[in-house]
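Student: Working from the sequences, and respecting the hints, build out all of it.
Number of protein chains: 2
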Amino acid sequence: MPSYTAPTKDMQFILHDVLKVSDAPTPGYADLDRDFTAAILEEAGKIASEVLAPLNPVGDTEGCRLENGVVYTPTGFKAAFAQMQAGGWPGIDMPEDFGGQGMPYVLGTAVGEFFSAANQAFTMYQGLTHGAASTILAHGTEEQKATYLHKMVACDWTGTMNLTEPHCGTDLGLMRTKAEPQADGSYKVTGQKIFISAGEHDLAENIIHLVLAKIPGGPEGIKGVSLFIVPKFLVNEDGSLGPRNGVSCGKIEEKMGIHGNATCVMNYDGATGYLLGEEHKGMRAMFTMMNEARIGVGMQGVAQAEIAFQNALAYSRDRLQGRDITGPKNPDGPADPLIVHPDIRRNLMEQKSFVEAARAFLLWGSTLIDAAHRDGDRDADGLISLMTPVIKGFLTDKGFDMTVQAQQVYGGHGYIEEWGMSQYTRDARIAMIYEGANGVQALDLVGRKLALDGGKHVLAFFDMVKGFCKTAGETEEMGEFVEPLKRASKDLQTAGMYFMQEGMKDPNAALSGSYDFMHLFGHVCLGLMWARMAEASLAALAAGTKDPEFHQTKLATARFYMARQLPMTATHLARIQSGAEPVMALDAANF
Amino acid sequence: MPSYTAPTKDMQFILHDVLKVSDAPTPGYADLDRDFTAAILEEAGKIASEVLAPLNPVGDTEGCRLENGVVYTPTGFKAAFAQMQAGGWPGIDMPEDFGGQGMPYVLGTAVGEFFSAANQAFTMYQGLTHGAASTILAHGTEEQKATYLHKMVACDWTGTMNLTEPHCGTDLGLMRTKAEPQADGSYKVTGQKIFISAGEHDLAENIIHLVLAKIPGGPEGIKGVSLFIVPKFLVNEDGSLGPRNGVSCGKIEEKMGIHGNATCVMNYDGATGYLLGEEHKGMRAMFTMMNEARIGVGMQGVAQAEIAFQNALAYSRDRLQGRDITGPKNPDGPADPLIVHPDIRRNLMEQKSFVEAARAFLLWGSTLIDAAHRDGDRDADGLISLMTPVIKGFLTDKGFDMTVQAQQVYGGHGYIEEWGMSQYTRDARIAMIYEGANGVQALDLVGRKLALDGGKHVLAFFDMVKGFCKTAGETEEMGEFVEPLKRASKDLQTAGMYFMQEGMKDPNAALSGSYDFMHLFGHVCLGLMWARMAEASLAALAAGTKDPEFHQTKLATARFYMARQLPMTATHLARIQSGAEPVMALDAANF
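As you go down the protein sequences, you meet chains A and B in turn.
Just so you know, we're using the UniProt record's numbering here: the first sequence kicks off at 1 and counts up by one.
Just so you know, we're using the UniProt record's numbering here: the second sequence kicks off at 1 and counts up by one.
There could be a bad hint or two in this list.
Heads up, the list lumps identical chains together, so a pair's fine if it works in one copy or across two of them.
Only pairs whose alpha carbons sit at most 30 Å apart, straight line, appear in this in silico DSSO-like list of lysine-lysine [to be verified]:
1) Lys178 x Lys223
2) Lys329 x Lys505
3) Lys505 x Lys145
4) Lys486 x Lys46
5) Lys223 x Lys329
6) Lys178 x Lys78
7) Lys178 x Lys329
8) Lys329 x Lys470
9) Lys546 x Lys329
10) Lys188 x Lys490
11) Lys20 x Lys505
12) Lys329 x Lys281
13) Lys456 x Lys329
14) Lys178 x Lys20
15) Lys178 x Lys505
16) Lys78 x Lys505
It should be emphasised that the hints constitute simulated quantities derived from the structure, not laboratory data.
Nothing here was measured: the structure is a model prediction, and the numbers come from that model.
Tutor: What follows is the structure, encoded as structure tokens:
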């Protein structure tokens with residue numbers, strides 16, 4: 001049976017040795033001292049290991065069940081959901097005014113990784129609620145906030161986001177769902193939405209759907225889309241539940257993974273909805289939810305890679321097969337453990353060096369979100385806006401790859417369902433698709449984010465890397481980490497320059513390289529994280545840390561990333577520089 | 001619903017324009033003229049599309065069922081199996097003496113790709129039988145051949161291979177299954193084997209298990225392993241079926257994919273077995289089966305990539321979403337088809353450029369097998385022996401990646417089971433594992449095959465590439481294909497040289513780079529195939545072909561591979577040259 005242990009030590013290292021969160025000027029960060037975060041992480045890790053992880057295979061095997069319009073979640077989900085609510089976990093980083101714990105987003109990300117790793121399908125119920133609540137918080141009227149937020153922060157009511165329709169996913173301008181204004185200021189919402197995660201279930205007494213729809217007579221296409229709150233049960237003035245609204249679940253999908261989360265076809269049949277934000281400005285409001293969701297999805301990629309790695313590592317130590325080519329390591333046993341073999345180590349090191357840097361990248365990104373939201377830091381806001389597609393696209397692609405590699409360590413045992421490794425791969429696969437398929441992330445990065453505010457944010461990123469390399473590179477022992485980072489960063493700048501020059505002449509020259517650029521950017525970010533972690537570990541060693549092995553391991557893992565992963569930037573650059581021609585040459589008919 | 005059309009035109013191009021099979025001196029090849037192979041391919045393509053492909057989702061959804069020791073295959077499998085038998089397909093390349101069609105292996109590979117693409121789980125029943133029959137053909141006594149081969153060639157009886165036990169997979173020296181000699185010259189086989197594909201089912205009247213076991217008192221470890229024929233029903237002297245033997249299926253596995261094929265736990269309880277080949281030389285005999293199986297598994301990787309690509313391509317032409325950034329391509333419709341978008345094209349071109357070159361690589365490899373087996377060509381035998389791990393490891397890794405990319409074209413529709421794309425990914429995943437996990441293929445390549453016969457075969461490969469580049473490179477128009485191939489081949493030689501120099505000092509220096517070397521080798525092989533296909537297409541164009549678009553498309557796809565895929569060799573080389581240190585630095589305890 002697979003198991004999960006929350007990587008609290010690694011999380012503490014990143015928060016305190018690398019990011020030094022309690023020294024940061026961001027409001028609320030002063031409280032994040034080592035003991036405080038240790039206590040939170042330990043509690044969260046415990047519930048993840050003991051409550052959520054055991055339900056992960058249950059959710060996969062049982063799946064959800066739709067009967068007469070009611071969706072039943074897998075055995076044990078209800079009790080675990082209640083336990084999460086009782087612990088206040090869903091509202092950890094929501095405002096105290098609405099019953100949340102008021103902690104920074106970075107802490108929400110840290111515990112969120114634990115929960116997602118232990119049980120992605122389960123954690124989505126509260127994750128989507130968080131996103132919907134954030135959107136109401138950002139765009140709702142005072143009355144709307146008062147009506148919904150307390151309940152949603154507590155997860156007594158959960159939330160959803162309704163974008164996709166059968167004929168439109170990425171291109172939401174094609175949307176057909178209608179919202180007709182009523183005399184009382186409400187709307188009647190009619191249409192069908194698909195792929196609605198947590199659209200219907202038995203975990204909460206009400207479900208607050210956020211639904212994109214068009215008000216008749218409005219602008220054509222995406223400019224005529226508005227956002228509506230459509231509760232499953234209408235809410236009376238006193239906050240109690242009123243009659244059932246005209247929304248129902250028509251079907252739940254059979255899918256490759258995340259079986260424990262109900263993916264619903266939702267039918268809106270003159271359902272009562274309330275405008276959220278301004279008329280025809282629905283996409284802007286929805287993006288509040290989507291940007292947060294994209295960071296959360298990037299986190300899922302890392303989380304699945306982490307639990308897959310943990311189990312692959314344990315298996316590689318237990319399973320005896322073959323002998324170390326340089327001489328037996330377990331001479332009294334019938335064979336040596338798998339971990340003695342170089343290619344198994346290569347595989348494990350790829351996983352380890354990805355997961356640890358990806359975690360640092362996520363937490364660093366989360367500090368930018370806190371700086372933007374809590375401190376109004378517009379540079380941080382611009383930078384995280386630039387990073388969001390990289391976090392979502394690169395971390396989920398690589399996270400999935402790592403679950404595949406972890407599976408491989410098990411040989412045939414990785415393919416049968418009994419050992420649980422197949423589930424990580426099947427669950428991780430969705431993260432590359434939802435909240436904007438990764439190709440769309442690449443398009444967002446190259447087509448929109450690079451040029452945002454006159455290219456200010458990407459230049460700020462390069463300056464930051466340059467500044468780090470200069471300062472850190474002053475010490476001789478940092479040279480081995482800083483030099484590869486410099487080379488990789490130069491590849492990224494060259495690629496960016498290529499887009500600027502060629503993209504002006506032919507936008508396809510830039511867009512043909514967008515996917516490679518997203519990965520190139522991701523590698524530079526993880527290289528930066530490894531260099532920063534190396535710096536922190538060297539400092540800890542110099543200060544006479546009591547745990548030198550931990551820090552020596554960080555340095556060795558950083559070296560692996562620099563030697564074995566960062567060279568990918570050259571290949572990405574070569575592909576980018578080959579331009580549009582190889583990609584665009586064929587007529588569609590000739591493929 | 002997914003569909004499948006056999007790529008007969010592409011197959012014909014490779015067989016006749018590139019490999020020029022009917023001009024080859026290999027016995028039997030003179031018969032392979034265009035019309036003859038066209039007729040065979042067309043028939044095979046028809047049964048693949050019309051009979052096997054519709055059963056593919058059925059097999060996935062229903063799976064196999066074990067009841068009271070009997071395994072029931074999915075609805076429709078029995079009738080389809082009978083249809084395959086009636087057409088003589090299972091024995092297409094088996095000797096006429098035993099009821100086969102006597103055609104070359106290359107033709108078996110060609111039609112095998114169609115069948116595997118249309119229904120991998122189904123085709124495994126006959127594929128394993130083919131491997132078992134080949135082993136009996138190579139190592140059996142005349143009596144054994146007479147007893148089993150006619151029935152197996154016809155698939156009236158199917159075959160299996162039994163290697164793995166619960167505690168040993170790759171390291172078969174740990175095997176516990178025993179074969180005790182009996183007075184009549186037979187053996188009593190006792191033990192448990194796992195992961196036995198097609199171990200029990202209802203498609204054939206008898207199942208001939210080939211079982212590895214140890215004769216008590218024999219040498220320790222792998223040197224004491226022998227191979228046995230253990231029929232499900234004993235065979236009477238007149239060839240009729242006798243009593244049930246002491247072998248039974250204890251369980252069938254739940255697994256990620258290939259649900260239509262029963263993966264069995266087989267219990268041998270004093271079952272009567274007959275020695276196949278020599279005592280204690282079981283591995284040598286089993287390798288006849290495994291080498292063939294490895295080529296067959298490489299083919300499965302290509303086959304799943306092909307069907308996934310076909311469906312992704314069709315979807316990208318049908319699905320309207322967004323507008324071409326350079327202006328509408330479908331101005332009268334609500335949006336343009338997906339295929340206008342550069343990143344969708346990048347994705348599709350990666351698939352197309354892989355599948356077509358991989359197919360050529362497989363067919364070329366198959367001509368080497370024919371040359372070795374039909375003509376006793378020892379150089380061809382050495383070369384295919386070197387290539388086998390590359391074909392198995394590289395083509396299944398990439399084949400799987402391509403199914404993942406194909407799924408991505410569908411967005412959310414790729415994740416739900418309804419569209420069939422998830423099945424290709426789940427089915428393709430096994431090919432990276434069985435018949436020797438891909439890490440073991442890399443070890444076989446670097447640890448054994450490179451140095452085989454004093455390194456003769458790898459040098460022959462380099463000479464062949466060099467010779468091709470020299471001859472083909474004489475024409476100016478081939479320069480754009482030959483130059484990148486030369487660079488990639490140089491990277492491969494540099495890597496090989498690195499292993500020779502560093503591997504002498506430290507074997508881990510070579511083995512740490514084995515996986516990258518396997519991929520580097522694979523890229524050079526596909527680069528070579530693209531250069532050869534480009535040469536053939538240029539010749540066809542120069543000769544005034546009636547189908548210039550087909551050949552122009554080949555050239556464009558070759559250019560894509562050279563520009564976008566072949567640069568990977570530099571990254572693989574950089575990783576290899578970083579040596580053992582980054583991979584081996586950590587103590588097992590510190591991961």
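Student: If a hint holds in the structure, say so; if it does not, say that too.
Tutor: Tested hints:
1. Proximity of Lys178 to Lys223 under the C-alpha cut-off of 30 Å is restricted to the intra-copy arrangement: shortest distance 14 Å within a copy versus 74 Å between copies.
2. Taking the shortest Cα distances, Lys329 and Lys505 sit within 30 Å of each other only across copies (19 Å), while inside one copy they are farther apart (61 Å).
3. Taking CA atoms no more than 30 Å apart as the test, Lys505 paired with Lys145 passes in neither setting, with 48 Å inside one copy and 70 Å between copies.
4. For the identical chains of this complex, Lys486 and Lys46 are neighbours neither inside a copy (40 Å) nor across copies (56 Å), given an alpha-carbon limit of 30 Å.
5. In this assembly of identical chains, Lys223 and Lys329 lie within 30 Å of each other by CA distance solely across copies; the values are 22 Å between and 66 Å within a copy.
6. Taking the shortest alpha-carbon separations for Lys178 and Lys78, neither the intra-copy value of 34 Å nor the inter-copy value of 50 Å comes in at or below 30 Å.
7. Taking the closest pair of Cα atoms, Lys178 and Lys329 come within 30 Å of each other only across two copies (28 Å); inside a single copy the shortest separation is 68 Å, beyond that limit.
8. Taking CA atoms no more than 30 Å apart as the test, Lys329 paired with Lys470 passes in neither setting, with 43 Å inside one copy and 49 Å between copies.
9. In this homomeric assembly, Lys546 and Lys329 come within 30 Å of each other (Cα to Cα) only inside a single copy, at 28 Å, whereas the closest approach across copies is 65 Å.
10. Within a single copy, Lys188 and Lys490 get their C-alpha atoms no closer than 54 Å, and across copies no closer than 68 Å, so neither meets the 30 Å cut-off.
11. For the homomeric pair Lys20 and Lys505, neither the shortest alpha-carbon distance inside one copy (45 Å) nor that between copies (44 Å) is at most 30 Å.
12. Taking the shortest alpha-carbon separations for Lys329 and Lys281, only the inter-copy value of 28 Å comes in at or below 30 Å, while the best intra-copy value is 65 Å.
13. Taking identical chains as interchangeable, the C-alpha atoms of Lys456 and Lys329 are never at most 30 Å apart, the minima being 55 Å within one chain and 34 Å between chains.
14. Neither within a single protomer nor between protomers do Lys178 and Lys20 lie at most 30 Å apart by alpha-carbon distance, with minima of 49 Å and 62 Å respectively.
15. Taking the shortest alpha-carbon separations for Lys178 and Lys505, neither the intra-copy value of 40 Å nor the inter-copy value of 72 Å comes in at or below 30 Å.
16. In this assembly of identical chains, Lys78 and Lys505 lie within 30 Å of each other by CA distance neither inside one copy nor across copies; the values are 57 Å within and 60 Å between.
Of the numbered hints stated above, those contradicted by the structure are hints 3, 4, 6, 8, 10, 11, 13, 14, 15 and 16, listed in ascending order.
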